[in-house]
Amino acid sequence: MRKRRKILTVSTAVVAAATLPLLISPVVSAAAREDDDDSSRIARLYAPPPDRDSYRQVARLAWRGDFRDSAGLLAMVRTPQAVWYGDESPERVERLVRRTTRSADVQGRLPVLALYNIPGRDCGSYSSGGADGLAAYEAWIDAVAEGIGDRKVLIVLEPDSLSLLPSDCADESNADQTAVEQQPAEEQPAEEQLAAEQQTAVEQQPADLPPLPDPGASTSPPAASAAQDAGQDAAQSPDAQAADAQAADPRLPASEDPAPGPAEAQEPSGLEPSASQSPAPEPSAEQPGTLPELPPLPTPDPVTPDAEDVGDLDTPVVEDQETAARYSEINYAVDALTALGNASVYLDAGHAGWHSVSSIVPRLIKAGIDRATGFALNVSHYQTDPDSAWYGRLISSCLAYADEGGDPEDCADQSWSRRHARRWLHAHVPDDPGRMKHFVTDTSRNGQGPWAPRAGAHLDAQSWCNPPARGLGRRPTTRTGDALLDAALWVKTPGESDGRCLRGTDGPLDPVRGTVNPDAGEWFPEQALELVRYAEPSVKVFRRTHGR
Numbered sequence: 000m001r002k003r004r005k006i007l008t009v010s011t012a013v014v015a016a017a018t019l020p021l022l023i024s025p026v027v028s029a030a031a032r033e034d035d036d037d038s039s040r041i042a043r044l045y046a047p048p049p050d051r052d053s054y055r056q057v058a059r060l061a062w063r064g065d066f067r068d069s070a071g072l073l074a075m076v077r078t079p080q081a082v083w084y085g086d087e088s089p090e091r092v093e094r095l096v097r098r099t100t101r102s103a104d105v106q107g108r109l110p111v112l113a114l115y116n117i118p119g120r121d122c123g124s125y126s127s128g129g130a131d132g133l134a135a136y137e138a139w140i141d142a143v144a145e146g147i148g149d150r151k152v153l154i155v156l157e158p159d160s161l162s163l164l165p166s167d168c169a170d171e172s173n174a175d176q177t178a179v180e181q182q183p184a185e186e187q188p189a190e191e192q193l194a195a196e197q198q199t200a201v202e203q204q205p206a207d208l209p210p211l212p213d214p215g216a217s218t219s220p221p222a223a224s225a226a227q228d229a230g231q232d233a234a235q236s237p238d239a240q241a242a243d244a245q246a247a248d249p250r251l252p253a254s255e256d257p258a259p260g261p262a263e264a265q266e267p268s269g270l271e272p273s274a275s276q277s278p279a280p281e282p283s284a285e286q287p288g289t290l291p292e293l294p295p296l297p298t299p300d301p302v303t304p305d306a307e308d309v310g311d312l313d314t315p316v317v318e319d320q321e322t323a324a325r326y327s328e329i330n331y332a333v334d335a336l337t338a339l340g341n342a343s344v345y346l347d348a349g350h351a352g353w354h355s356v357s358s359i360v361p362r363l364i365k366a367g368i369d370r371a372t373g374f375a376l377n378v379s380h381y382q383t384d385p386d387s388a389w390y391g392r393l394i395s396s397c398l399a400y401a402d403e404g405g406d407p408e409d410c411a412d413q414s415w416s417r418r419h420a421r422r423w424l425h426a427h428v429p430d431d432p433g434r435m436k437h438f439v440t441d442t443s444r445n446g447q448g449p450w451a452p453r454a455g456a457h458l459d460a461q462s463w464c465n466p467p468a469r470g471l472g473r474r475p476t477t478r479t480g481d482a483l484l485d486a487a488l489w490v491k492t493p494g495e496s497d498g499r500c501l502r503g504t505d506g507p508l509d510p511v512r513g514t515v516n517p518d519a520g521e522w523f524p525e526q527a528l529e530l531v532r533y534a535e536p537s538v539k540v541f542r543r544t545h546g547r
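Residue numbers (numbering that gives the first Met the number 0): 0 to 547.
None of these hints come from the bench; they were simulated from the model. Since the model is a prediction, treat every value here as computed from it, not as a measurement. Every residue gets a Cβ at the ideal spot worked out from N, C-alpha and C, and that includes glycine. Just to be clear, a hint being listed does not mean it is correct.
[As the list claims (entries may be wrong)] Ranges between beta-carbon positions, derived for each pair: (1) Ser88 x Gly405: 41 to 49 Å; (2) Ala451 x Ser327: 24 to 32 Å; (3) Arg370 x Asp65: 22 to 30 Å; (4) Ser537 x Asp505: 34 to 42 Å; (5) Asn330 x Gly123: 34 to 42 Å; (6) Asp459 x Arg434: 35 to 43 Å; (7) Asp481 x Ala426: 15 to 23 Å; (8) Ala468 x Ala138: 37 to 45 Å; (9) Glu321 x Glu145: 25 to 33 Å; (10) Gly433 x Glu321: 34 to 42 Å.
Make a model of the complete structure from these sequences and hints.
As structure tokens, then:
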């Protein structure tokens, strides 16, 4: 009797899992409805075979009778999304790419490939890896191109490769090391610290004090540059009076309004090599009797130094070798892939809460954006569609402005008010979108927008890493209604983990979730269900009767 009951239970679960596609057929149709169009301007996107672990979760949910979540999850994994390649050998990646592109070609659909094999990717963090040097990467790209052949394909090239350069990795390491070095001093007893400060003051007391600072000089420190936190809102609005005062000059940034600080001080990118160190604040004029630090001595003219001092001068390094190699790798990939004829190639441009426009545009130019189709935004991140669309428009406009000889530093930025930015766009941007670079966005997990962690909860919130209560975003489509936005895509595979997410702790638990997260790229059942339940627009798993 028990054996018969067990067989009946298993059979019921199998039948339920097998009939789920019938239950959710309206959902799958709704997810792809925007792509099913006879117009040549609309491409039908390719849905790759789902991950086996995702089907196991679907079957488990059906087994216990949770048909709503099971159907919603199945709808999610059957929605068109990108196919990721990285770490495979050239021979293997060629076979896999050929299989995917042929399958999509037979179905008459457009495959989206995310190529993720750049040397030194992710700064050695959760998604570390990549090819072993420039030569190995070029061989890998050649194999990908061979697998594509003359078939049509959309390529998101190396997410995070330009928004997270090797030079940015060095800045992050130096910041962490500085914090570690300063910690022992903070743990000293108060009496020892006071004695040490008095001793230092006696030793450093100068014979002649410098002149007092100008009372009219600014006493406020520069605004801190924003970290690479996906949950930070970069847009700020000035008051109407300051906006009217700037009407005479459309290029005047909103960051010069009284409320926000200068545009240079408000640059959202804390990772740009040239902006990694903020200038020291000027001494305060309110306390002329207290001079905690002496102003630096004037430096000699670096153009005509003494011959005997040449060896002691620090030569400024604009770009380290690894960063220069990164640009060479991306340029090679752009040339090799665009030469295929039917490949649309989009370079990495981060997202609206990461880099300023004037920070990311020079990187795109160095990486060969002039020969690529455009750029990709919000890959594996959570910025809202309006923020990504506005940021993309500003980047595209700045690229057009720079192509005409303009300086990217003068471009409108996402920190400007919309009023002033539109004035700048009207004055400097061509009217024809065909003369501007287009972009694509990742909407796979942005239905609820960025996650805002509780302030001070952890040393590093890592708001990009498996944030809780996020949802699926806009369904993939090439019918966007925006002349510059070529497609809304699911680039990041929804349901796959971002990594262990230790958030500055020793682990192994994620302190936000209280569990050990799967490694990057592995299926994360808890997060997969969250994406379905918090989806915006929502995932509707049952057909509604007409007239109700």
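Status of the hints after comparison with the structure:
Between Ser88 and Gly405, the C-beta spacing of about 44 Å keeps the proposed range 41 to 49 Å intact. A hinted range of 24 to 32 Å for the beta carbons of Ala451 and Ser327 is inconsistent with their spacing of about 38 Å. In this structure the supplied range 22 to 30 Å is violated for Arg370 paired with Asp65, their Cβ-Cβ distance being about 50 Å. Our hint of 34 to 42 Å for Ser537 and Asp505 holds, since their Cβ atoms are close to 38 Å apart.
Checked against the hint of 34 to 42 Å, the C-beta distance between Asn330 and Gly123 comes to roughly 23 Å, which is inconsistent with it. A C-beta distance of roughly 42 Å is found between Asp459 and Arg434, which places it inside the suggested range of 35 to 43 Å. Remark: the range hint 15 to 23 Å for Asp481 to Ala426 is upheld by a beta-carbon distance near 21 Å. Between Ala468 and Ala138, the C-beta spacing of about 43 Å keeps the proposed range 37 to 45 Å intact.
The hinted range of 25 to 33 Å is satisfied by Glu321 and Glu145, whose Cβ atoms lie roughly 27 Å apart. At roughly 36 Å, the beta carbons of Gly433 and Glu321 sit within the given window of 34 to 42 Å.
The structure is inconsistent with the numbered hints 2, 3, 5, although it conforms to all the rest.
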